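Asker: Chain residues, written in single-letter form:
Number of protein chains: 2
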Amino acid sequence: MPKIDLTIAEVKALAIACLLANGCNDENAEAVAEIVTAAERDGCASHGLFRLPGYVAALRSGKVNGDASPSIERLAPGVLRIDGDGGFAPLALEQGRHPLIDATREQGVAAMSLIRIHHFAALWTEVEPLVEAGLCAMACTAYLPMVAPAGGREALFGTNPLAFGWPRKVGPPVIFDQASSVIARGEVMVAARDGHDLPPGVGLDVDGNPTIDPNEVLKGVMLPFGGYKGSSIAMMIELFASGLIGERFSFEAAEHDNNDGGPPRGGEFILAMDPTRFGDNAWLDHTEKFFEKMIAIEGVRLPGARRYANREKAQLGGVQVPEELHAKIVGLIEV
Amino acid sequence: MPKIDLTIAEVKALAIACLLANGCNDENAEAVAEIVTAAERDGCASHGLFRLPGYVAALRSGKVNGDASPSIERLAPGVLRIDGDGGFAPLALEQGRHPLIDATREQGVAAMSLIRIHHFAALWTEVEPLVEAGLCAMACTAYLPMVAPAGGREALFGTNPLAFGWPRKVGPPVIFDQASSVIARGEVMVAARDGHDLPPGVGLDVDGNPTIDPNEVLKGVMLPFGGYKGSSIAMMIELFASGLIGERFSFEAAEHDNNDGGPPRGGEFILAMDPTRFGDNAWLDHTEKFFEKMIAIEGVRLPGARRYANREKAQLGGVQVPEELHAKIVGLIEV
Numbered sequence: 001m002p003k004i005d006l007t008i009a010e011v012k013a014l015a016i017a018c019l020l021a022n023g024c025n026d027e028n029a030e031a032v033a034e035i036v037t038a039a040e041r042d043g044c045a046s047h048g049l050f051r052l053p054g055y056v057a058a059l060r061s062g063k064v065n066g067d068a069s070p071s072i073e074r075l076a077p078g079v080l081r082i083d084g085d086g087g088f089a090p091l092a093l094e095q096g097r098h099p100l101i102d103a104t105r106e107q108g109v110a111a112m113s114l115i116r117i118h119h120f121a122a123l124w125t126e127v128e129p130l131v132e133a134g135l136c137a138m139a140c141t142a143y144l145p146m147v148a149p150a151g152g153r154e155a156l157f158g159t160n161p162l163a164f165g166w167p168r169k170v171g172p173p174v175i176f177d178q179a180s181s182v183i184a185r186g187e188v189m190v191a192a193r194d195g196h197d198l199p200p201g202v203g204l205d206v207d208g209n210p211t212i213d214p215n216e217v218l219k220g221v222m223l224p225f226g227g228y229k230g231s232s233i234a235m236m237i238e239l240f241a242s243g244l245i246g247e248r249f250s251f252e253a254a255e256h257d258n259n260d261g262g263p264p265r266g267g268e269f270i271l272a273m274d275p276t277r278f279g280d281n282a283w284l285d286h287t288e289k290f291f292e293k294m295i296a297i298e299g300v301r302l303p304g305a306r307r308y309a310n311r312e313k314a315q316l317g318g319v320q321v322p323e324e325l326h327a328k329i330v331g332l333i334e335v
Numbered sequence: 001m002p003k004i005d006l007t008i009a010e011v012k013a014l015a016i017a018c019l020l021a022n023g024c025n026d027e028n029a030e031a032v033a034e035i036v037t038a039a040e041r042d043g044c045a046s047h048g049l050f051r052l053p054g055y056v057a058a059l060r061s062g063k064v065n066g067d068a069s070p071s072i073e074r075l076a077p078g079v080l081r082i083d084g085d086g087g088f089a090p091l092a093l094e095q096g097r098h099p100l101i102d103a104t105r106e107q108g109v110a111a112m113s114l115i116r117i118h119h120f121a122a123l124w125t126e127v128e129p130l131v132e133a134g135l136c137a138m139a140c141t142a143y144l145p146m147v148a149p150a151g152g153r154e155a156l157f158g159t160n161p162l163a164f165g166w167p168r169k170v171g172p173p174v175i176f177d178q179a180s181s182v183i184a185r186g187e188v189m190v191a192a193r194d195g196h197d198l199p200p201g202v203g204l205d206v207d208g209n210p211t212i213d214p215n216e217v218l219k220g221v222m223l224p225f226g227g228y229k230g231s232s233i234a235m236m237i238e239l240f241a242s243g244l245i246g247e248r249f250s251f252e253a254a255e256h257d258n259n260d261g262g263p264p265r266g267g268e269f270i271l272a273m274d275p276t277r278f279g280d281n282a283w284l285d286h287t288e289k290f291f292e293k294m295i296a297i298e299g300v301r302l303p304g305a306r307r308y309a310n311r312e313k314a315q316l317g318g319v320q321v322p323e324e325l326h327a328k329i330v331g332l333i334e335v
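From first to last, the protein sequence lines stand for chains A and B. Residues in the first sequence are numbered from 1 upward in steps of one, following the numbering used here. Residues in the second sequence are numbered from 1 upward in steps of one, following the numbering used here.
Same shape as in the complex, but just chain A (with noise of 0.2 Å):
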């Protein structure tokens, strides 16, 4: 697939152009393009700008609010929500970031609802600035039935992904971000594209049999990671990003969504503590002499390290991004 050379400035200017060509206000723009900009640069392509076609379709289809103006509420001393008024996320997360962050050294804990938004995008952008202001953080979100409960054939969570963060004395933060899916629905998809057989118990086809064919699973529904230890982890997201904070499950979104394309209505659940309003002044020591352990064995590595050498790289050389891809994008910004 040819390719085409872009500085990391480029892909967000790119990113900026054409969600304001599509409805998006200033705010807005600047807020989607930093993150698919971040994911770009980070080498998770399937959440950079390969996402802009959904972003647009959403806008252009209505369903988006482009001028969302989120706003935030204190529910409780250690709750706090935003309404995100029908935007896309990232601006509502970011402003909702820093009243996080001081909620969460006051209280020692603090959990960040977010109502009436559209979330299309990685889960680790949004923990990472929690955890370089040195607390510990979590955040889940649903998004439409993809995945069948352990025993079951029938799709009823999203391919729920959960991010966790710790900070580390030395070196980025320690970042994981993983679908509660055995694999990612891009990757089911990216196997359909290029005529790929899946690892066996990925899915299920449309009669409940297991198949490694990806059109199948598509057409069928997809498993949860660990069988029903997996199972339990998505239903947990599905209570803490729909039931817990009073948005839309993951089956309900699926009644509500027109289907465009781009992300459904739905919620997300941030949880943040600061480990020093725990007792341990030497928790930052303690914790690196546990990171340092578990890369001295043979074969493991920190979650995230892969995406901080991606970053390393991008920010030396750029990226390369699919010339149909870029192709698609500069379309959207022209029409």
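No distinction is drawn between identical chains; accordingly, a pair holds when it is met within one copy or between any pair of copies.
Here are the simulated lysine-lysine pairs, DSS-like style, with alpha carbons at most 27 Å apart: (1) K289 to K63; (2) K313 to K328; (3) K289 to K219; (4) K293 to K219; (5) K169 to K293; (6) K12 to K313; (7) K12 to K328; (8) K328 to K3.
Hints are computed from structural coordinates only; laboratory data are not their basis. Since the model is a prediction, treat every value here as computed from it, not as a measurement.
Starting from the known structure of chain A, fit chain B onto it as the hints suggest.
Answerer: Here is chain B on its own, set in the frame of chain A:
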């Protein structure tokens, strides 16, 4: 294996007698017996009377303080810490329960850490009372290194269980309690005892090769559930139950433990949230719709369902305990 019938009251009386005879004071004996009995009643035999010899070993070796008098401290508006005074976890948990419920209702979200405890029980027993008080709760604990991080062949993590519970409008709460290893340590031991093979993927032998021989896995290492995703969950649990709260990581517990067969000193982390403080008054009806949707799928049941069925049975007809185990416990009382 020949078994004898016991009522729930007899199970508890047996446990209390055994703990009192081996150095627990009344309060500690009562608290430990309570959770041992709950496990036996709910069909979790591996965490029921079966654990008493381990509790006794830790008392007899002097590792655990049978007269422990836990103390509670509020470190931040949303953070409580219980110092378990070197005793078993149950009394500390019991004393922290109401302060945690109060703090959670007041703050919306609150965390409780337990330090200087010895944890040897099922986690759902500590989540259940919080959920019965209308809260959503999560608990986790580390142990001794038994599980290799994904990609590695050396144990670092404990089997690190995570429990989570959510209140239901109809019927008992939804609660899962699952190890971060593919299967529980106890199941590997049972397979070794009974001469059964393990399913593939449970563990590696001492040379780091996959094996289905339980004896080889016991000498080697266990694997996390769901590959690198379960490994991330296990890592997060170590960070919550050790790094965050200033207690020993599993690898540190091993450095200090006297290997008497009882539980090492460690920590536990509990998080609770009050759904009524998150802005949706209809949360209980809303989540009930989700659970109904889930159980309407053929082959799916809610986490905890089997436990409640066992409980109902035991409340009517008591439980069956292996004669050999019963005799062993009686022996521990008489010596």
